[in-house]
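J.: In case you want the letters, here they are:
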Amino acid sequence: MKRITRLRAGIAGAAALIVGTAGMAEAQNVTLEYWVYSDFAQGEALALQQEFIKEFTEAHPGVTINITGKGDDDLTAGQVAGAASGNLPDVFMNAQSVGAQLVEVGALANIYEKWMAMPQEFRDQFDEDALASCMPRPEELYCIPYTGFGSLLFRNLTVLEQAGIDPSVPPATWDEWFAQMQKVKDAGLYAIPDETLVFNSIAEIYATSGSSETWGFNWDDRTTRIDPAIMAKVLQKFVDMAPLTSGTSRNDQATKDLFISNQLAFHTVGPWVNPTYEEAAKTSGLKYDFVLIPGDEPGKTGGIRSYEIVGVAPGPNMDIAFEFATYITEKQQMVRWAKLLSRYNANAAAMADPEVSDLPLIKVSVEAARGAMEVAAPYFIDSVPSCYNSTVIDYASATADGEYTPEEGAQEMIAELNSCLAE
Amino acid sequence: MSRATIVFRRITVWTVLKWALALIVAAIAIFPIWWMINVVFALPGEPVSLNPRLWPSSLSAGIEKIRMIFMETEYLRAYGISVVYALLTIAGVLLIGSLAAFEFSLFDFPGRRLLFGIVMLSLMVPTAVTIIPTYLLTSRLGWLNTMQGLVVPGLASAFGLFMLVQFMRAIPKDMIEAARLDGANHLQIYWHVALPLCRNALVTLAILTFMQTWGNYMWPLVISTRPEMYTVGQVVGLFNSPLSHHTVDTVMTANLLAAVPPLLFFLIFQRKIVEGIAMSGTKG
Amino acid sequence: MTLRRYLPHYLMIAPFMVLFAAFFLYPILSGLYYSFHDWNGVKTPEFVGLTNYQKILASRDFSTAMTNLLWYISITVPLGILVALGLALLVDSFTGRWANFFRNAYFLPVVLPAFLAATIWRWIYAPNFGLLNMILGWFGVPSVNFLNDTDTMLYALIAVDVWVSAGFNMVILLAGLKNIPGELYEAARLDGASKWQQIIHITIPMLGPVLFFVFTYGFISAMQVFDKPWLLTGSSFTSYGGRRNALLFPVMDMMGRGFGEVKFGEAAAYGFLLTITIVAVTALMFGLRAWRERK
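So the sequence lines, in the order shown, correspond to chains E, C and Y. Taken in order, the first sequence gives residues 21 to 443; the numbers are from our numbering. Taken in order, the second sequence gives residues 4 to 287; the numbers are from our numbering. Taken in order, the third sequence gives residues 2 to 296; the numbers are from our numbering.
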């Protein structure tokens, strides 16, 4: 009796294996919910995503995939709410920095084993650093890195010329850059958005002096990695920049509008603003380019680096969901995706494709990402308490307002950050 | 004395000041909306920050933007969803609320004060407090991404009940008695006596419910996770997001279109709205 | 049979009460339950006693949010009513078509969805080139960064708030004004009372109950302020409250703890602290009114 049971179990297991390896989706009738960033669900980007879906579902009869675009905040809120009720998207994009929360609520699965079962040549396509950032510990892989960015310095060339700056030579160091900002101000125009208003723009400027080793978290003893000396130096930069800013934040629509209307010289931000600026170049003659954010010494770059991730939710659809995730992140698809949007991504093989690497935005992005600082590393270990980001912003703005000296500001910020993390 | 002097003597400093003040306040109230219309009806690529936009500069460009939003995005479907959501909510709130208000205001029965008191207390609970448990319940019912999921949890409107009770209290008890003596049953009294007498209140509540449902953002956000069920608020949220590729004028067009139905509603029903709100406040 | 006698009444309120119990009472009671538990929405809630409440009361964000709220309420509620009363008197002094026109114009902002008002005002407040700064510039006032300067942020919010809500309260007060018998003014005029004296001695006392309604309603909604400051500061679940938390309010903090940090137990406890405060203050106001009326 027992033997028969075991035998039957064995057969079932073998059958499952065969089905599993040969044609996973064969005879499956499943619907996958696929959530993407809202800008990937508009216009041409949406059309290409739908093409990927069509190709995949044609090869996997019975599978239906619903694509949904969501603003970045709504992605996380929707997943958190969905986790509580068991209505999770099966495949989704989100930011690495919220990964730990998603793991905590069970919205994001460890795909390490499935990943290792993929052919070597597929795994080798990806950027090693990017992949490593998805692996908090050995045998734990929580994401396939997708599109990414290193922040760029968008320059309005008309404004620079008006300020008597030769735009053909981008600033090589912070000092040169800051001197240009002052010239712009002297010409009666705005140099830069107020970089103290948003966590990511503070990080971008911090990176002109600091690096990944002095930013982010030590999760072992729950302290910040921020270095007081570097932070003091950076806070001094905010004090210096204070009179030169437009007063709007890096993410404000008003900032883009000022840039387009030739009143703002510099905008440090990720490549997602490029479609807006490209459009403005066509319709209103905006002249702009994008270069690396200069660091303190020549050759050092500022700016931050982060990847959007493709994640898979645990659950009955996980196998087919993972397969879909590997399909869209495979070189062929990533090449098409990169070409369409001019967006850098974590598939290094795709980035090396000559058709892709010649695209100017990607060319600069590859370099920018290489020199940039991880924005909130290490990821996927623990969720960052909300007091962390707000403390950084508070002290940066208070110091820029003149309430602290840079040294005081840095000391107090770090003390406050450590107590925030310790809670 | 000539006519001119009579007129002149009537116009005192006080009158001039009064008119000036009234006009200035009207400008403050209306101008921001007017400004938005001007941003929409301007050539694309004309930056908003360059000039203050006192007049619309290009009618055709505005129409083109509106056409683009309706034809090339999911705006139109969201419009439909929002309209159905609002209409069903209005119908439900009015029916359920007036049934309950009829009892609470005109009759006495054991537990009346207690039940009414509990409902009134709920006005003081921030909606955000209940959103997660309500969401979990709704999803357990399998109502995510459905119209009933959007509508049903909002039907027991404490504010609506409060307002209707205020109105129905004014109905003379004699009329109820008279109807009863004529042989009308309970439901008939409700339908033929009470409802017609508070028609104004019902219209006002309908309009207030419409404005509130139309502007509701948080509830649809958690309930409608699929684009097929997105409401106008959610679609406008996509336009407003910092990652949006749209330029400012297109974003404003999306916003303005969301304001058109409530504005139209107000212009058509303005007297009823104003009277209704006024009565709900003064009878309290 | 009492049940038989009252049955029709219960049947008529049943639809409302059933829905109310399901979608309001049940959620709020389960919220109360979660407020004593550590819960992220997924795992089994773990009983932690009063820890959530203690954590909130001890947190810096809570005291910031409460301080902001206190300032906000003590300005926006009286100011809003004062403006509304002023507008009501102003409109009341016109007749016919013009009275209608002004009343409708002042009411117009009430009709807009909240997200729209915030979008428009972000542009009006923009530093340097925003409409408001442009007007100030004509008078030689240097640019003010209304939504990022901690000295002005609260007032910027209050202005939007008054802009949106004044029309609503005005309409209610206007009806109250119409209900004041004309003979009272007539008599006062014969006694030689000035317009100002008439307002102080007749209008405001006669408006008492209406003012009380407007005040209570305004207070309850001000306690729950959420969408306007959230949108004006461009908040998201990971970063909210604006520069140096100058526009951080309790409901925002609560939503952040829930959806941003996935601490639903804490968020629920936050909600209850807030609810208790609202109920207590409202009860106090009703008590005061009853006490004054008895005197």
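Keep in mind the hints are simulated off the structure, nothing from the lab. Predicted model only: the values in this text are computed from it and were never measured. Fair warning: there could be bad hints in the mix.
Quick look at which bits of chain C chain E covers, simulated, 3 or more residues with Cβ under 8 Å [to be verified]:
1) 133-143
2) 222-228
3) 249-255
Taking lysine-lysine and the DSS-like style, the derived pairs with C-alpha atoms no more than 30 Å apart in a straight line are [what the hints assert, rightly or not]:
4) E/Lys134 to E/Lys205
5) E/Lys257 to E/Lys359
6) E/Lys359 to E/Lys205
7) Y/Lys229 to C/Lys275
8) E/Lys74 to E/Lys320
9) E/Lys253 to E/Lys320
10) Y/Lys179 to C/Lys21
11) Y/Lys229 to Y/Lys56
12) E/Lys134 to Y/Lys179
13) E/Lys307 to E/Lys383
14) E/Lys383 to E/Lys351
15) E/Lys302 to E/Lys134
16) C/Lys176 to Y/Lys179
17) C/Lys21 to Y/Lys196
18) C/Lys275 to Y/Lys179
19) E/Lys307 to E/Lys359
A virtual CB, placed ideally from N, CA and C, is assigned to each residue, including glycine.
J.: Now tell me if each hint is right for this structure.
T.: So, going through the hints one by one against the coordinates:
no., hint, result
1, 133-143, "holds (count 5)"
2, 222-228, "holds (count 3)"
3, 249-255, "holds (count 4)"
4, E/Lys134 to E/Lys205, "55 Å, violated"
5, E/Lys257 to E/Lys359, "37 Å, violated"
6, E/Lys359 to E/Lys205, "37 Å, violated"
7, Y/Lys229 to C/Lys275, "27 Å, holds"
8, E/Lys74 to E/Lys320, "44 Å, violated"
9, E/Lys253 to E/Lys320, "16 Å, holds"
10, Y/Lys179 to C/Lys21, "19 Å, holds"
11, Y/Lys229 to Y/Lys56, "27 Å, holds"
12, E/Lys134 to Y/Lys179, "75 Å, violated"
13, E/Lys307 to E/Lys383, "19 Å, holds"
14, E/Lys383 to E/Lys351, "17 Å, holds"
15, E/Lys302 to E/Lys134, "46 Å, violated"
16, C/Lys176 to Y/Lys179, "26 Å, holds"
17, C/Lys21 to Y/Lys196, "14 Å, holds"
18, C/Lys275 to Y/Lys179, "16 Å, holds"
19, E/Lys307 to E/Lys359, "22 Å, holds"
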